[in-house]
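Number of protein chains: 4
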Amino acid sequence: MNNQKVRKVVLAYSGGLDTSVILKWLQDKYNCEVVTFTADLGQDDDLALIREKASALGIKDKNIYTEDLTEEFVQDFVFPMFRANALYEGYYLLGTAIARPLIAKRQIEIAKLVGADAVAHGATGKGNDQVRFEFGYYSLNPKIKVISPWREWDLTSRNKLIEYAKVHNISVPQDKTGEPPYSIDSNLLHNSFEGKVLEDPGIESDYSMLQRITLPEQAQDNPEYVEITFAKGDPVSVDGTKLSPANLLRKLNEIGGRHGIGLVDIVENRYIGIKSRGVYETPGGTILFHAHRAIESITLEKAASHLKDEIMPKYAALIYNGYWWTHEREMLQALIDKSQESVNGIVRAKLYKGSVTIVSRKSDNSIYSQTLASFDDENYNQSDAEGFIRINSLRFRV
Amino acid sequence: MNNQKVRKVVLAYSGGLDTSVILKWLQDKYNCEVVTFTADLGQDDDLALIREKASALGIKDKNIYTEDLTEEFVQDFVFPMFRANALYEGYYLLGTAIARPLIAKRQIEIAKLVGADAVAHGATGKGNDQVRFEFGYYSLNPKIKVISPWREWDLTSRNKLIEYAKVHNISVPQDKTGEPPYSIDSNLLHNSFEGKVLEDPGIESDYSMLQRITLPEQAQDNPEYVEITFAKGDPVSVDGTKLSPANLLRKLNEIGGRHGIGLVDIVENRYIGIKSRGVYETPGGTILFHAHRAIESITLEKAASHLKDEIMPKYAALIYNGYWWTHEREMLQALIDKSQESVNGIVRAKLYKGSVTIVSRKSDNSIYSQTLASFDDENYNQSDAEGFIRINSLRFRV
Amino acid sequence: MNNQKVRKVVLAYSGGLDTSVILKWLQDKYNCEVVTFTADLGQDDDLALIREKASALGIKDKNIYTEDLTEEFVQDFVFPMFRANALYEGYYLLGTAIARPLIAKRQIEIAKLVGADAVAHGATGKGNDQVRFEFGYYSLNPKIKVISPWREWDLTSRNKLIEYAKVHNISVPQDKTGEPPYSIDSNLLHNSFEGKVLEDPGIESDYSMLQRITLPEQAQDNPEYVEITFAKGDPVSVDGTKLSPANLLRKLNEIGGRHGIGLVDIVENRYIGIKSRGVYETPGGTILFHAHRAIESITLEKAASHLKDEIMPKYAALIYNGYWWTHEREMLQALIDKSQESVNGIVRAKLYKGSVTIVSRKSDNSIYSQTLASFDDENYNQSDAEGFIRINSLRFRV
Amino acid sequence: MNNQKVRKVVLAYSGGLDTSVILKWLQDKYNCEVVTFTADLGQDDDLALIREKASALGIKDKNIYTEDLTEEFVQDFVFPMFRANALYEGYYLLGTAIARPLIAKRQIEIAKLVGADAVAHGATGKGNDQVRFEFGYYSLNPKIKVISPWREWDLTSRNKLIEYAKVHNISVPQDKTGEPPYSIDSNLLHNSFEGKVLEDPGIESDYSMLQRITLPEQAQDNPEYVEITFAKGDPVSVDGTKLSPANLLRKLNEIGGRHGIGLVDIVENRYIGIKSRGVYETPGGTILFHAHRAIESITLEKAASHLKDEIMPKYAALIYNGYWWTHEREMLQALIDKSQESVNGIVRAKLYKGSVTIVSRKSDNSIYSQTLASFDDENYNQSDAEGFIRINSLRFRV
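Protein chains in written order, with UniProt numbering: chain A, 1 to 398; chain B, 1 to 398; chain C, 1 to 398; chain D, 1 to 398.
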């Protein structure tokens, strides 16, 4: 959005290198007041520390916003998405994609609150997140000015960025070996890793970057069981203990993490048409995904379940591509939510060195009929199947 | 097909209790000549023994057909299906469903060869297989007479069946504890188990019935790597050794089996509207499924890949429901096959106690661009994304 | 449902030959009390006359139900369906299919009211309506007994039926030439015709059977305009006059009919796999269909509109196949209804000798931007399209 | 593609105002050799005259390419698309969209022939055609330079364009009233009109701009019949006379045009997210569309036909959006073509004042069974439907 005048901007600030540089650059370039907004989505950052960083870079106290959004994140974003059994390209549980709409929403709200005329983010011009942020901004405020530094500035390589940081006394993180770190996104649903050695899809990673998952080989030798209770398609209890949405997901992360659950290593297709390799760790989400399918398997009719499966790729792509705040996502959500009314019950899963196996599902709303399933049911008239087959095979027989 | 006169019938004969009873019952009831056909699809049965059983039940030698169809099965049925990444209801790799069309086809061919006017199968009136067999029969010979004993006779419970067997000197198998065994289907792609304790979806199975998979807890402690080479979407080599389709799948079963790969325990929706619980072991198929997706991830464009994902549920349902020999399956196959022309390359997977992790994928046809994926690419003009976003967000901004 | 004892049955009674014979046959065969139910869905029958017929065939007065359901029919069935722009196989506006669920519902309600244990209908064993009625019955009362005379009795040809009618003093209708009439279904949405000469799809019909439409060649020479006002996707006024749902559809039928609008002559695929030729006259529905698409064209975003188009064939097939009272239809309806919130405005259509041409559409909720559409818009930055194209063509350029 | 050096450019030259200005501007701005390419796609232009115009604007004779592509256009683009019954947003037969890929292809071929390093087109930065051209260019030659003058120059309004034209002695067309003309695209499949009064979707057009269609009110009073013969899904004869693809479409245009067939007036959604109103005249294409559906109605099985209908919106959108030369379009085409093998036969249509009514369809490959459709068929066992319904309603009854 080059060449626009900006008075006050709300920056999505992570406290990391990139957004710290941006924070400085915005002041330099636009000569505007910068408000920082840092959302706690469960990424284990120390908000107080981030506040200090912003302060050290010259942001006034009243202009530093840090908020714990974990409950809203899980309840209004993660859970609705999990009702759909959403997977992007067969594997990705959309951990980053589902967080962006909330950050964008809160940024726009804060912009209104503080009278800012612009928002800014730290996503690069090659990724999905720029799209997700900006679609969110425009959906919620069509008139907002959007600053996307990576598409504007001349810090077009990591090296230039680091030079700029050094000049402005911004600390540059390194990994254990002195190299620049992976590109990481982290929230209560997942951690994602891109870059470095992962850029070659032919090279095996040692997964040493994982933060939540104990690798299967190092996980404990005893399997563990976990029981999840669902009400209207959402998980409400773990092992019989009712938990808030965020606490429930935290609990599942903890349990799943120690059994190596939820590691995914894929090459995916970004919205903008670039293929990229990502490593994801989603321990709790992986358990939840399978448990939800399992409770649906005894409470949803076939036709409802197949309809959900057919629209799922579209729903997942909408979220992946940043179209959360749209009419079409809401239309699909209405369809999905309508299906969840009797998705209630308890699923028991066994966790062991990287695997989740569903071992039982029970529900007061079960439409599974043991009598029908059984071999010896004298009520079901097997000869009905004759007519069923004869009618359905009419096309072959004429 | 009550009350029709039958002269000669070709029975799909497994050598087990049910089809042995049927063999006898067909002679009694229809007073017709019975031809038995037993296909070796990799189910580890002793065909010579089955031949003896048929003989003992009065079938003339020239009327006993036993054939090894494993190569045709894998090449013309399993591989085309795996090109589609077909999963029924999210988990089931369609191991039984994909075998039925071949058996039906061969039965119809033998019927023609021996001048039979009818075919018969041992599938019950509550399951999917009756449909799959009969759709196959009618598609390939609209005039064939079909005998489905389970829908015709009065042996309407297991007990009656066993009585009938005893009267006719047919041996009745029991499991180790003296109980009737699981309902099993077995071929080179999978073993499936239904019935008994599985009929209650709330009860955990001990999986002691598994035949190919060492349970993850008992699997070896060292992970193992396997490399699969694909050509035009089909696997052609394992660890650098070129193998025939059947041998390749055998090899993957062996490797996957010892690492506990491919156990699935689900409640599924049968075509005829009954929910039933099944346990499947598909070690080689599970490796193949993930490896195929992985090689596609670097060789297929996003749009082609998403199109495949969108039509997949329909394709899988067609196979599950017995519509292999149909115009619509061929139409979808044409679409799928068209996509596989450059799906070539090598995938490396790590197997460990139940998990398959893809660790690398390489291809001469790779369209993955390391330059594009990389953070530091000065060729890609990040500002292009500005226009992309502005146009795509026009809807939000007006 | 052979061989069940029936105490009291509610028959969907049209007053025509078939259901009059059924009325008699039910008494003979089941020796049960018969309650007749005749719904006025706008089919121009004289309900008093039908009441007399039932009476003459021995039905007690208190057992004769006749009800005007036109408003409920249009408001709760026709309008929700038209929100979806539902067309079966490209042409059929589902006039018969959408009426059956309401008749079934009311029959089940009356059965409860009068303490009947069974319901009956006059649909044959070769058509769609048997399925639509019976799915409705079972959905709304799983325990109800269903009598389908055409599938039970031995009156297996028209001649046998007529003999039975003569024996029981039931009058047999003939068309002008003394032949049996077309098989007709009629309600406020459409008239349908099947049978007779139509059975050969290669023979041109003279359409002399049409009842509502003046044939285009005989229609008046002056075009006529009609304006329809929509609110939340439903039509509420015609030419500025607010009308109840049924009256609105009546009005459009009248206007459209005199201009020859809404004749369709197709070969369609019945649910049970038989192809059949039908002639339909749907004057008001045809105007409504195009007008609704037109108002959506300026009030719905592209993505919402395309999503509706993609799911439409499935929605239409559900209704055609009798699955109105199902979870999956409600799920799709939730999606559709969610899209209609701002589908408000006025559409002007020109009617002339069989054609409907939409000539204007206006809406306070219009998202059509004349500025954007215009050639000379200096606000839209044409160079944004550069980035849009460059990103979307990245796949071609690498 | 600002600031690139261009040596020689192939311009898609229509001979109209815009591309004549571009022709001049390319020489001025890029100081490069300009090659003009004008395709005859049936748009009734005088190619000799266009050649003169190019010559007058300074293009060397050897650099002026004019070619009759009508047969290739209809055979390789129009017919394959019509196999799919493609309609964009319910009405638009894609007349412009389907022509662009051929022009792009030929431009790239000529570029290779003459050693040009760039191509250029006259589409504006607000429309679909820029995308369609450029996707075509890049698909067929990823390295080609593309000049899109409308997105580059400062002639950002009609007035500036006209001034530039006057300065360079380029003639400026006006309509009868002295106003600028509609924005027109014309080829053998259709004429399209945009702009001027059409920009307000609330204003009725008098359709005086139509060139091929006699308005229904002015069309002859006698209906006319036309018979179209199809082979493998493509039309091959009209009224018994075998015609080449282009001549066949010409013939149908002529017949349809005089009966007012094929006028469409809609608001559509452009790829780039702008809604625009277009008026289309597609006389022959409209007849063809309905005739093709009709011949399919007796030769395609239901499942094949429904599958085509389900994928159609996606196929149409691909063509609309310019993705003809892609893997996914070819995949869908493979599916569609696979379905057309037995789509053979003769369809008879009645044309009258704007309406096409299909009155008969005949085929040696017909799978319509008059016996099955008939009321009195003693072969079909109506009681089979009992089992069909009982199995399909199991879900309601448990």
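These aren't lab readings, by the way, just hints derived from the structure by calculation. Everything numeric in this text was worked out from a predicted model, so none of it was measured. Take the hints with a grain of salt, since some may be wrong.
Copies of one chain are not kept apart here, so a pair can be met inside one copy or by any two copies together.
Derived DSSO-like pairs (lysine-lysine); straight-line CA-CA distance at most 30 Å [as the list claims (entries may be wrong)]: (1) 60 / 196; (2) 29 / 143; (3) 350 / 196; (4) 145 / 302; (5) 160 / 196; (6) 145 / 251; (7) 232 / 143; (8) 302 / 196; (9) 166 / 62; (10) 232 / 105; (11) 302 / 105; (12) 143 / 338; (13) 62 / 196; (14) 350 / 105; (15) 338 / 105; (16) 5 / 145; (17) 350 / 251; (18) 112 / 338; (19) 338 / 232; (20) 143 / 362; (21) 302 / 314; (22) 314 / 112; (23) 166 / 362; (24) 196 / 362.
Hint check:
Taking the shortest Cα distances, residue 60 and residue 196 never come within 30 Å of each other, neither inside one copy (36 Å) nor across copies (54 Å). Taking CA atoms no more than 30 Å apart as the test, residue 29 paired with residue 143 passes inside one copy only; the shortest distance there is 21 Å, against 36 Å between copies. Taking the shortest Cα distances, residue 350 and residue 196 sit within 30 Å of each other only across copies (21 Å), while inside one copy they are farther apart (34 Å). Taking the shortest alpha-carbon separations for residue 145 and residue 302, only the inter-copy value of 24 Å comes in at or below 30 Å, while the best intra-copy value is 47 Å.
Taking the shortest Cα distances, residue 160 and residue 196 sit within 30 Å of each other inside one copy (17 Å), while across copies they are farther apart (51 Å). With identical chains, the CA atoms of residue 145 and residue 251 are never at most 30 Å apart, being 40 Å at best within one copy and 51 Å at best between copies. Taking the shortest Cα distances, residue 232 and residue 143 sit within 30 Å of each other only across copies (27 Å), while inside one copy they are farther apart (38 Å). Only between protomers do residue 302 and residue 196 lie at most 30 Å apart by alpha-carbon distance; the minimum there is 23 Å, versus 44 Å within a single protomer.
In this assembly of identical chains, residue 166 and residue 62 lie within 30 Å of each other by CA distance solely inside one copy; the values are 27 Å within and 61 Å between copies. With identical chains, the CA atoms of residue 232 and residue 105 are at most 30 Å apart both within one copy (26 Å) and between copies (27 Å). For the homomeric pair residue 302 and residue 105, the shortest alpha-carbon distance between copies (23 Å) is at most 30 Å, but the shortest distance inside one copy (36 Å) is not. Taking the closest pair of Cα atoms, residue 143 and residue 338 come within 30 Å of each other only across two copies (26 Å); inside a single copy the shortest separation is 34 Å, beyond that limit.
For a Cα distance limit of 30 Å, the shortest separation of residue 62 from residue 196 qualifies neither inside one copy, at 38 Å, nor across copies, at 54 Å. With identical chains, the CA atoms of residue 350 and residue 105 are never at most 30 Å apart, being 38 Å at best within one copy and 41 Å at best between copies. For a Cα distance limit of 30 Å, the shortest separation of residue 338 from residue 105 qualifies both inside one copy, at 25 Å, and across copies, at 22 Å. For the homomeric pair residue 5 and residue 145, the shortest alpha-carbon distance inside one copy (9 Å) is at most 30 Å, but the shortest distance between copies (35 Å) is not.
Taking the closest pair of Cα atoms, residue 350 and residue 251 come within 30 Å of each other both inside a single copy (15 Å) and across two copies (28 Å). For the identical chains of this complex, residue 112 and residue 338 are inter-copy neighbours only, at 28 Å across copies versus 34 Å inside a copy, given an alpha-carbon limit of 30 Å. For the identical chains of this complex, residue 338 and residue 232 are neighbours both inside a copy (10 Å) and across copies (20 Å), given an alpha-carbon limit of 30 Å. In this assembly of identical chains, the alpha carbons of residue 143 and residue 362 lie at most 30 Å apart only when taken from different copies (25 Å versus 50 Å within one copy).
When the C-alpha separation of residue 302 and residue 314 is checked against a cutoff of 30 Å, the pair qualifies both within a copy, at 20 Å, and between copies, at 13 Å. In this assembly of identical chains, residue 314 and residue 112 lie within 30 Å of each other by CA distance neither inside one copy nor across copies; the values are 32 Å within and 40 Å between. Taking the closest pair of Cα atoms, residue 166 and residue 362 never come within 30 Å of each other, the shortest separation being 59 Å inside a single copy and 39 Å across copies. Proximity of residue 196 to residue 362 under the C-alpha cut-off of 30 Å is restricted to the inter-copy arrangement: shortest distance 18 Å between copies versus 45 Å within a copy.
Taken one by one, the earlier hints fail for this structure at numbers 1, 6, 13, 14, 22, 23, listed in ascending order.
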